[in-house]
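Asks: The residues making up each chain are set out below.
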Amino acid sequence: MRWYIGRRVLQVIPVFLGATLLLYALVFLRPGDPVLALGGERGLPEAVQEQIRAEFHLDEPFLVQYLLYLKGIVTLDLGVTFTGREVTEVIAQALPVTFQLALMALLIEAVLGVGFGLLAGMRKGGLFDSSVLVLSLLVIAVPTFVVGFVLQIVVGVQLGWLPITAGRDPDVVSLLMPATVLAATSFAYVLRLTRTSVQESLSADFVRTARAKGLSRAQVTGRHVLRNSLIPVVTFLGADLGALMGGAIVTEGIFNIHGVGGTLFDAITRGENVTVVSLTTVLVLVYIVANLAVDLLYAALDPRIRYA
Amino acid sequence: MSAPTPRTPPDPDVPLLEVRGLEVTFSTGGGPVQAVRGADLTVYPGQSVAIVGESGSGKSTTAHAVVDLLPGTGKVTGGSIRFAGREVVGLGRREVEALRGDQIGLVPQDPMSNLNPVWRIGSQVEEALRANGFRGSRAQRRARVAELLAEAGLPEAAQRATMYPHEFSGGMRQRALIAIALAARPRLLIADEPTSALDVTVQRQILDHLDVLTDELGTAVLFITHDLGLAAERAEHLVVMYRGQVVESGPARAILADPQHPYTRRLVTSAPSLSSRRIQVAHARGEEPVDDLLARHADEPAAPRDEVVVASHLTKVFRTRGRGARATGFTAVDDVSFTLTRGRTLALVGESGSGKSTAANMVLGLLEPTAGTVLFDGQDVGGLSRREQLAFRRRIQPVFQNPYGSLDPQYSVYRSLEEPLRLHRVGDRAAREARVRDLLDMVALPQDVMRRFPAELSGGQRQRVAVARALALEPEVVVLDEAVSALDVLVQAQVLDLLAGLQRELGLAYLFITHDLAVVRQIADSVVVMREGKVVEHAPTDDVFDAPRERYTRDLLAAIPGAGLVLPAGS
Numbered sequence: 001m002r003w004y005i006g007r008r009v010l011q012v013i014p015v016f017l018g019a020t021l022l023l024y025a026l027v028f029l030r031p032g033d034p035v036l037a038l039g040g041e042r043g044l045p046e047a048v049q050e051q052i053r054a055e056f057h058l059d060e061p062f063l064v065q066y067l068l069y070l071k072g073i074v075t076l077d078l079g080v081t082f083t084g085r086e087v088t089e090v091i092a093q094a095l096p097v098t099f100q101l102a103l104m105a106l107l108i109e110a111v112l113g114v115g116f117g118l119l120a121g122m123r124k125g126g127l128f129d130s131s132v133l134v135l136s137l138l139v140i141a142v143p144t145f146v147v148g149f150v151l152q153i154v155v156g157v158q159l160g161w162l163p164i165t166a167g168r169d170p171d172v173v174s175l176l177m178p179a180t181v182l183a184a185t186s187f188a189y190v191l192r193l194t195r196t197s198v199q200e201s202l203s204a205d206f207v208r209t210a211r212a213k214g215l216s217r218a219q220v221t222g223r224h225v226l227r228n229s230l231i232p233v234v235t236f237l238g239a240d241l242g243a244l245m246g247g248a249i250v251t252e253g254i255f256n257i258h259g260v261g262g263t264l265f266d267a268i269t270r271g272e273n274v275t276v277v278s279l280t281t282v283l284v285l286v287y288i289v290a291n292l293a294v295d296l297l298y299a300a301l302d303p304r305i306r307y308a
Numbered sequence: 309m310s311a312p313t314p315r316t317p318p319d320p321d322v323p324l325l326e327v328r329g330l331e332v333t334f335s336t337g338g339g340p341v342q343a344v345r346g347a348d349l350t351v352y353p354g355q356s357v358a359i360v361g362e363s364g365s366g367k368s369t370t371a372h373a374v375v376d377l378l379p380g381t382g383k384v385t386g387g388s389i390r391f392a393g394r395e396v397v398g399l400g401r402r403e404v405e406a407l408r409g410d411q412i413g414l415v416p417q418d419p420m421s422n423l424n425p426v427w428r429i430g431s432q433v434e435e436a437l438r439a440n441g442f443r444g445s446r447a448q449r450r451a452r453v454a455e456l457l458a459e460a461g462l463p464e465a466a467q468r469a470t471m472y473p474h475e476f477s478g479g480m481r482q483r484a485l486i487a488i489a490l491a492a493r494p495r496l497l498i499a500d501e502p503t504s505a506l507d508v509t510v511q512r513q514i515l516d517h518l519d520v521l522t523d524e525l526g527t528a529v530l531f532i533t534h535d536l537g538l539a540a541e542r543a544e545h546l547v548v549m550y551r552g553q554v555v556e557s558g559p560a561r562a563i564l565a566d567p568q569h570p571y572t573r574r575l576v577t578s579a580p581s582l583s584s585r586r587i588q589v590a591h592a593r594g595e596e597p598v599d600d601l602l603a604r605h606a607d608e609p610a611a612p613r614d615e616v617v618v619a620s621h622l623t624k625v626f627r628t629r630g631r632g633a634r635a636t637g638f639t640a641v642d643d644v645s646f647t648l649t650r651g652r653t654l655a656l657v658g659e660s661g662s663g664k665s666t667a668a669n670m671v672l673g674l675l676e677p678t679a680g681t682v683l684f685d686g687q688d689v690g691g692l693s694r695r696e697q698l699a700f701r702r703r704i705q706p707v708f709q710n711p712y713g714s715l716d717p718q719y720s721v722y723r724s725l726e727e728p729l730r731l732h733r734v735g736d737r738a739a740r741e742a743r744v745r746d747l748l749d750m751v752a753l754p755q756d757v758m759r760r761f762p763a764e765l766s767g768g769q770r771q772r773v774a775v776a777r778a779l780a781l782e783p784e785v786v787v788l789d790e791a792v793s794a795l796d797v798l799v800q801a802q803v804l805d806l807l808a809g810l811q812r813e814l815g816l817a818y819l820f821i822t823h824d825l826a827v828v829r830q831i832a833d834s835v836v837v838m839r840e841g842k843v844v845e846h847a848p849t850d851d852v853f854d855a856p857r858e859r860y861t862r863d864l865l866a867a868i869p870g871a872g873l874v875l876p877a878g879s
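Chains A and B, in that order, are what the protein sequence lines are.
The first sequence begins at 1 in my numbering and counts up by one.
The second sequence begins at 309 in my numbering and counts up by one.
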């Protein structure tokens, strides 16, 4: 087991190098000159352009730029953006909000999805099951921004229960609505996955054996149905954390949250290669760590899986 | 419809379980289906009773109704079930839960699927204790679990209790399930085909152990089985069910000696474990016994035309998982040689793990031998090019054990049968359809089966489809890997008859892989007994049965349920 974790952690290194190289190359090959773009309509004097190019090493060949970037990572000094802010500072500001938002969304979809899925699965074909199924289809079909705006109007404006936007340095309460919106689609998937999985478990022989032992319904459900049904759900949730972090851009836009999505978008339009590559790499790392966690959780849930 | 004839003398005891006029109905898309139609059954304290019948006879349904564990939409729609004088039908959920485990234990059929894979064995036994009012400290509970497992015949029980089901063999799992069922010392134990998924020798050990245990504890046992031999051997009283009704009941011996109902008579004559007679069609070839030809050693030069498969010195070593030097080899098949002659049947017999299926897979060209060769019609199977391999596959076809698994559930029967023809570009659409119709005729299935899907067929019908698919390309050799093991005795007999008939008509050679010696006697011309990858005995069938040379073969023979029963003449 320790071997396994060690090996998986070591695997992060080549993935990290590969991801940064690929991302850097993509950004480098992008058409357009960021320095020219910086000048806008009037343009910058030739000397200033040269100075900016030299400062950001934009006159160096690709490989040198990339190696300089790696050096920056190792020394924890990624330099500054065109506007003069430290790149590390930009990341440090954008990441926690998005991370909090994604974790809240993950929690919401996991708790509600598994809960509703379990109830629906246990009452297959009943009124609850059917209505939850239709509802989940609706949630999957309606685009995120529609859900967002509707919630803003109903919960935020008309009922006044929650703040309409989050703004800078939001707290848990103001992130509740955006997190719900972000979680909506995945919630529907988790629900359906759990429901199917529970139905499968319910008809399993070992569940009948458990009932034959004289266990009560709650005991059978908790010990034999739920745990076995969670195995596929956990896989989905782990992969979803990465998607939630990267995919929060629309939700962040609606609720005016200054997170990874918005920052990344701005950096791309401005051509700030270092910011783009760094932020994306962080997302890649989150994805890798989430997947490792899933694999370990898997082993905890299912002893048949062994790591060697 | 004849009423069961009671033959047991009136017992002074109060019955422990009394089922009267039980009716169980399943509601399906096509309307209600009655699975049990007025079944009567009585079990006295300490008595052992067996319900015998084929699948679909309602025997398991009757047993599950007793503990209110009917699957799906099943409901008791009539009659009464009295346990210890108390009506069980219509009891509330909590009252039934109190009855389960505590009063009535259940040993389920398939040990592989009846333990939850994610919990340790010990904790699954402990659950049964706690659910039925065992209060005690952690250490006490643990000690009791170990005691129960040891009692069920599991050595080193305390340590084994910390293991997971996947670390147990089938026999060990079944012992754990017995420990669970007996944990709360129930007065009645329902054993639903408790050993049908296990090897014969293991089966015998477990049943012997169960006998002793229930005897000591004074537990009444209700066996559910399709095997009349096993039932007669293990139970004092038999209840024969057919299509949801009890057609006959009485003392085991009396029923075997003098079956009244026509169905029981059929059951007695076709029980493989009871029948010493080989299928007539298979034998009525009117030829000299060529068995000794088969027994001849494989590497002797012989007429290649007759010997379609020659396996010589086959060895297969699997590399086991492990790090570095710990990766060792596991020899699944060890220097095995045999010869298969056209129009004959060779049986590979052995318990699970004996390497018989591995050997078969090498013959099929699905596994590459580590050493040794398989010659098919004089050509080495190992050295075939891709094109030759395709041609080779046409000439040798497999039928596997589990017809549920080997037919694609999304394919209609027509598509399943047509697929091999299409893959090998046989004929045009019309020709292929005609061939599919022929094939269905050949395996005695009605034409309208074509449009149905595997889920809509019975186990026997599915296996017929699998046989038809194997025959689609007119092969010369069919490898039957436990092809009838999952079927009920009567269906098994039908499929064996069918196979024998096809062999005679088409001159097929069968490589018949099975753990069931009783079936071997019915169909095979010669037998290779395998154990731990090695050939233990290789001889004509009659020799193996009448004069087994090796001790292991004798053990296998003795383990056939009902082998010790002497049937009166007339069967």
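Simulated from the structure, these hints should not be mistaken for lab results.
Watch out, some of these pointers could steer you wrong.
To be verified - Within a straight-line C-alpha distance of at most 25 Å, the following computed DMTMM-like cross-link-like pairs (lysine to aspartate or glutamate) qualify:
hint, chain 1, residue 1, chain 2, residue 2
1, B, K383, A, D59
2, A, K71, A, E55
3, B, K842, B, E676
4, B, K383, A, E200
5, A, K71, A, E46
6, A, K124, B, E764
7, A, K71, A, D129
8, B, K842, B, E790
9, A, K71, A, D59
10, B, K383, B, E459
11, A, K71, A, E86
12, B, K383, A, D129
Claimed, not checked - From the structure, some residues in chain B lie toward chain A, with a derived Cβ separation under 10 Å:
hint, residue
13, N424
14, S431
15, Q432
16, L521
17, M750
18, L753
19, Q755
20, V844
No residue lacks a Cβ here, since even glycine has one placed at the ideal position from N, Cα and C.
Asks: Which hint numbers doesn't this structure obey?
Replies: 1, 5, 7, 10, 16, 17, 18, 19 and 20
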